[in-house]
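Here are the chains, one letter per residue:
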Amino acid sequence: MIESTARFVDSRLRLSKFVRRAMNHVFPDHWSFMLGEVALYSFVILIITGVYLAMFFKDTTTPVIYHGSYTPLDGVKMAAAYRSVLHISFDVPAGLLIRQMHHWAADIFLAAIIVHQARIFFTAAYRKPRELNWIVGVTLLILAIANGYFGYSMCGDLLSGAGMRIGYAILLSVPVIGPWLTFIFFGGTVPVAATLPRFFALHIFVVPALIAALIGVHLLIIWRQLHTNFPGPQRTEKLIVGSRLWPSYTLKSLGLFFLVFALIAFLGGLVQIDPVWLYGPYNPVAILPGAQPDWYLGWVEGAMRLFPGVNFRIGGYLVPEVFWPGFFFPAMMFVLLYVWPFIEKLISLDFRPHNVLRWPYQQPFCTALGCATLAFLVVLEFAGADDVVALAGHAHVGALRDLLRILVFVVPAATGAISYLICLWWRRRRASDNAGLNIGNEAMEELTQSQ
Amino acid sequence: MPKGASFASLAFFVAFCVPVVRGQAAPNAGDPLARGQQIFAQHCAECHGDHGQGVSGVVSIAGPNLQAEHNLGQVLTAIEVGPSHMPSFGRILSVPDMKDVAGYVTQKIAVIPMQGGNLSEGGDLYAMYCSACHRTDVRGGALVFDGVNAPNLSHKSRALVAGAIRWGPGPMPNFPPSVLTDQQVASIADYVKYAQRPPAPGGSAMHWYGPVAEGFAAWVIAFLTIGVAMWIERGGKG
Chain A
2 MIESTARFVD
12 SRLRLSKFVR
22 RAMNHVFPDH
32 WSFMLGEVAL
42 YSFVILIITG
52 VYLAMFFKDT
62 TTPVIYHGSY
72 TPLDGVKMAA
82 AYRSVLHISF
92 DVPAGLLIRQ
102 MHHWAADIFL
112 AAIIVHQARI
122 FFTAAYRKPR
132 ELNWIVGVTL
142 LILAIANGYF
152 GYSMCGDLLS
162 GAGMRIGYAI
172 LLSVPVIGPW
182 LTFIFFGGTV
192 PVAATLPRFF
202 ALHIFVVPAL
212 IAALIGVHLL
222 IIWRQLHTNF
232 PGPQRTEKLI
242 VGSRLWPSYT
252 LKSLGLFFLV
262 FALIAFLGGL
272 VQIDPVWLYG
282 PYNPVAILPG
292 AQPDWYLGWV
302 EGAMRLFPGV
312 NFRIGGYLVP
322 EVFWPGFFFP
332 AMMFVLLYVW
342 PFIEKLISLD
352 FRPHNVLRWP
362 YQQPFCTALG
372 CATLAFLVVL
382 EFAGADDVVA
392 LAGHAHVGAL
402 RDLLRILVFV
412 VPAATGAISY
422 LICLWWRRRR
432 ASDNAGLNIG
442 NEAMEELTQS
452 Q
Chain B
34 MPKGASFASL
44 AFFVAFCVPV
54 VRGQAAPNAG
64 DPLARGQQIF
74 AQHCAECHGD
84 HGQGVSGVVS
94 IAGPNLQAEH
104 NLGQVLTAIE
114 VGPSHMPSFG
124 RILSVPDMKD
134 VAGYVTQKIA
144 VIPMQGGNLS
154 EGGDLYAMYC
164 SACHRTDVRG
174 GALVFDGVNA
184 PNLSHKSRAL
194 VAGAIRWGPG
204 PMPNFPPSVL
214 TDQQVASIAD
224 YVKYAQRPPA
234 PGGSAMHWYG
244 PVAEGFAAWV
254 IAFLTIGVAM
264 WIERGGKG
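The listed protein sequences correspond, in order, to chains A and B.
Residue numbers 2 to 452, in the working numbering, belong to the letters of the first sequence in order.
Residue numbers 34 to 271, in the working numbering, belong to the letters of the second sequence in order.
Keep in mind that a hint or two might mislead.
Said to hold, decoys possible - FRET-style restraints, in silico, Cβ to Cβ: (1) W247(A) to W264(B): 20 to 28 Å; (2) P232(B) to M56(A): 52 to 60 Å; (3) P232(B) to A95(A): 13 to 21 Å; (4) R230(B) to S254(A): 39 to 47 Å; (5) I185(A) to R230(B): 39 to 47 Å; (6) P209(B) to A400(A): 38 to 46 Å; (7) T72(A) to R124(B): 44 to 52 Å; (8) W264(B) to L144(A): 26 to 34 Å; (9) G270(A) to D83(B): 51 to 59 Å; (10) F313(A) to D83(B): 47 to 55 Å; (11) A400(A) to R124(B): 51 to 59 Å.
Unchecked claim - With a straight-line Cα cutoff of 30 Å, these simulated DSS-like cross-link-like pairs (lysine-lysine) come out: (12) K346(A) to K18(A); (13) K189(B) to K141(B); (14) K226(B) to K141(B); (15) K141(B) to K59(A); (16) K78(A) to K141(B); (17) K78(A) to K253(A).
These are computed hints drawn from the structure, not numbers from a lab.
Since we're looking at a predicted model, the values are computed, not measured.
Where is the CB? At the ideal position from N, CA and C, for every residue including glycine.
Chain B with its partners taken away, still in its complex shape (with noise of 0.2 Å):
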């Protein structure tokens, strides 16, 4: 995503590098932790919670769960543009007060671990608790829920999909800490991740349609025999 990247970027340079050009100490200096956790509370709580657990109902206010924002960089790009529902703070807060909200979020909000995950004991609890709905190639599954879609995770991130699981977008329920351990949601990420791109040791995996893609191809081979009977037939020739 050269557009994220670039905004992440420009964030970087607004952070790091403008306030030293412009020789701006930032005001009553302590804690940066507990400067952005006040900054939080007064600008960011509204919509994302209290401890960025996330606020679902009314859209306008409705901001998603926290706690697997990591990336320093995107937190900030996030904060400085604001995206779709999410109001610009690239007027109201200084830098600093950006960068120090920022820092709150990805070491105190973010309490996903996005290491120590574990591939096999990710697959195991992804069967339990997810397969139901987004089904074990994680391609997702349509139900009959006032016509939403479970969908398709091949193309999430890890820090979505640990936080979804912590806060259950739409009609898909969430997971709290006493149901799954943030090692546990680590793990289901991993097996996300890597059920996004599987190996496929036997050859062309027909797009993990299953048994659907089989059955088409087993049909495509079949009329070719038939081609090739008919071919036969006239000797071989054309």
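Chain A with its partners taken away, still in its complex shape (with noise of 0.2 Å):
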């Protein structure tokens, strides 16, 4: 039965030399090849719960009074989205199991992306001929961050209002074009009733099929370029080690498809998160203050709470405070990000194509620097919560804002120092250590060296 289907597609669309040489086609042996896997999976998840989601959400603003199964918040009036998110909470089957698990796979599927890029940093993998992978996958990284805050500023609640209108104030200050990129987004002055339906537009259309095709591209460059390798015997740039997709890649993946399905459904099901009925609903009046954005947005929180107020004119433009930290800031990031394969290349002198990768003591300026950058964005994550964490700790927001002030710049420097100087002893001390790795039984392919 299966053959004879086989036997029918193949005649017709003659894929079978294909699927031949694809199921031939070999990965490496690593774990941290997963990590870019975990991502792909929380994607797929994301997909499936938000197509469930689409269902019952409704992008108005048209004011309602609620009356559903949620009775504290019996007779308030209040925007139909945030009412149709209560009622996918309350009401629907299974539907705030769904809900959760959507909101925890967007936390995780940002956390796997960043994880990956630091691999591909750390082990210097973005180099010739994979540099134009490594900028899809910054797009991706920023298509993701942008699909999250659209997400979850479209469920009508007080949080999530504050994070609109936090998000508006940045693209507003933006000098000369801020006006009008506003308009674009946002649709007129928030609080407005035109913001939800662009989100929502984004959110399920744009920006996922975005990522969906660019997705499709950084696989499909892989494939073409095939994985890298570590160093190690017989992992020359013309030779990569490894296993065949089929059967021992596949199964592996599948795997790891099932355990990131079951951890997030864990999340889902038994960690409460985002719990908009208590937030109530947004209210232009009501004022929340310190209100934290989901954790990949906390970094530029706390640029904002860290920067010094100060507003000055360029060409008689009153240019705002909060272009600055809220947005010159992380568009810096990530044009830093974009041209870094550029840099390095400029800065070690090296034009030549790498199909073998770097561990990172190999390349301690790189880890160094790639160290220090982490440790400030994680100062910044602390500053973005930092009236959390002066309430739990019972100390002085101010003396708290102004301590971190000085952190932000000693903790990256002592950590890329410290990280540096462990790069030079680990390299003194694996020196002379090359053998003993296991090659039995694996699979080895020519690379088809492109350039």
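Put the two chains together into one complex; each comes in its own frame, and the hints tell you how they fit.
Dropping the structure here:
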């Protein structure tokens, strides 16, 4: 039966040759090559759960009176969107589970992307010929952050409304084009009814389609260029060592998919996330101080809290203080990420293609820079939660903020210096250490050098 | 609070049983509320204000608002024992006097109704008037407010919440009846009470730390998946 179907398809599409080649495609055996897959599978879960949520979500701010099964909000005036989220959480079968899985999957998607990208960075996998894929990856990161923001800003609760307002203020602060940008993305002066349908369209059509397409490109490029390899016996610039796509790699990867799914379902079922019913409906008059964004925007929030309040004029235009930490700083971070492979070329003066990776200790400067950047972001994350930290530690938030203004420079510098020294020490220790790798039954494949 | 409870029962004992045993009749027995008012003006108004609205300023005389003190036993305990800066009246006032002034406090001063609140109205009002400082989850907020954080309200009694709204402790503004009616105050107190331990239908609420705790949990799980990936790479062997 299966065979005759296969023959039927093959005699028409002539796939067998391709499939045979594909099944023999070799993937390296190292856990760090699976990090990107965790991101991919979180994305798959996001799509599956998101489709379910889209069936019940209403993207309008039409005022309605709530009379659903969450009685503490009975009789409260709210946006139809918020009512639909309450409906999903309390009345739709498995609605809360799916909603929570969707939110957790988003948080983990971003975490997996960051870890995956850190792996690429610390092993210098972005070097020629893979700069293109690095650029695709950075674009995916930006799109994922943007879609997370659109997603949690749509719920119509007080917290998401606060987030929407901060996003609006940041975009508006961009010199010259700010008002136009806000008009495109928010449809007017927030709060305005036009925002939600735009966010919804972006969140469920435009950005996911772009992400899916770019993931396709990402994988196609990997397929074409083949994977990199860690340094080791037989692992040269022309040879890749690992396991075949079928069966070993497929089974491994499928196992990972189920485990990611299980972990996200575990969180979705047992750990509460974004309890919108407690925040209450968005009301432009009500203020929510120290509203935290989801973690992947916490560093921007932190930068905005630490940045001193300075407004100045450039060429007659007033540049508001939020512009620097809220827009300029993240934009610069992403620009630096985009051009990093080319900066690295200028630093190392190495323009050759590379298929064998570097261990972090073999590139002390890059490793130190990466660790310092991560430390910088972690301090900013803390700054973004400084009110929570101050309250939990009974500290004075003003004093804590001043301390963080110092730490934000000291901690990255110290982390960079220490990691540099560790790399040097490690390199000396490893200088003569080469042996001990089992390559018995591993498959190999010639690299198709496209250069 | 077993200690408070034993004080309260002690006070009850003192208030109701002792006079009967001693067979002592209260001097110039008249309207107990009128006598209570007199005693209050004499002994308490100095610190608690003429209408029990509370006095702020010098610590030694700054007594809190008593407009939410509905519990006779608690008031008697306070008079008898004298909490913190308040003097003890156990030796100054006779037992019937204490009883009368306590009755006056609970019936005439405590004007903020503790019943008749509306939870959903309370949520709305709380978002408008209180969440700016105490946050919607009533877990408190840090303000750049000469070093004073708006405290976590998750252990405050309803009476204290209602009282705080009227008297406005420290840098907190007070909300007189012209801003919030008694019934609205009761609604807010209801909401705070509800939000102290709201049901968590989604599972563990992680102490209501919000997105900060959520991000943390996401990273814990992300590292767990890395562990799983390493385990898979080793062929599932340890």
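Each hint, compared with the structure:
1. W247(A) to W264(B): 20 to 28 Å: holds, 22 Å
2. P232(B) to M56(A): 52 to 60 Å: Hint violated: Cβ distance 26 Å, outside 52 to 60 Å.
3. P232(B) to A95(A): 13 to 21 Å: Distance hint for P232(B), A95(A) holds at roughly 18 Å.
4. R230(B) to S254(A): 39 to 47 Å: Taking Cβ atoms as reference, R230(B) and S254(A) lie about 44 Å apart, which means the hint holds.
5. I185(A) to R230(B): 39 to 47 Å: Distance hint for I185(A), R230(B) holds at roughly 44 Å.
6. P209(B) to A400(A): 38 to 46 Å: violated, 34 Å
7. T72(A) to R124(B): 44 to 52 Å: holds, 51 Å
8. W264(B) to L144(A): 26 to 34 Å: Cβ of W264(B) to Cβ of L144(A): about 31 Å, so the range 26 to 34 Å holds.
9. G270(A) to D83(B): 51 to 59 Å: holds, 57 Å
10. F313(A) to D83(B): 47 to 55 Å: holds, 54 Å
11. A400(A) to R124(B): 51 to 59 Å: violated, 45 Å
12. K346(A) to K18(A): Measuring from Cα to Cα gives roughly 39 Å; hence the hint is violated.
13. K189(B) to K141(B): Holds, at roughly 23 Å.
14. K226(B) to K141(B): holds, 24 Å
15. K141(B) to K59(A): violated, 50 Å
16. K78(A) to K141(B): violated, 36 Å
17. K78(A) to K253(A): Distance ~51 Å between K78(A) and K253(A) Cα, so the pair is violated.
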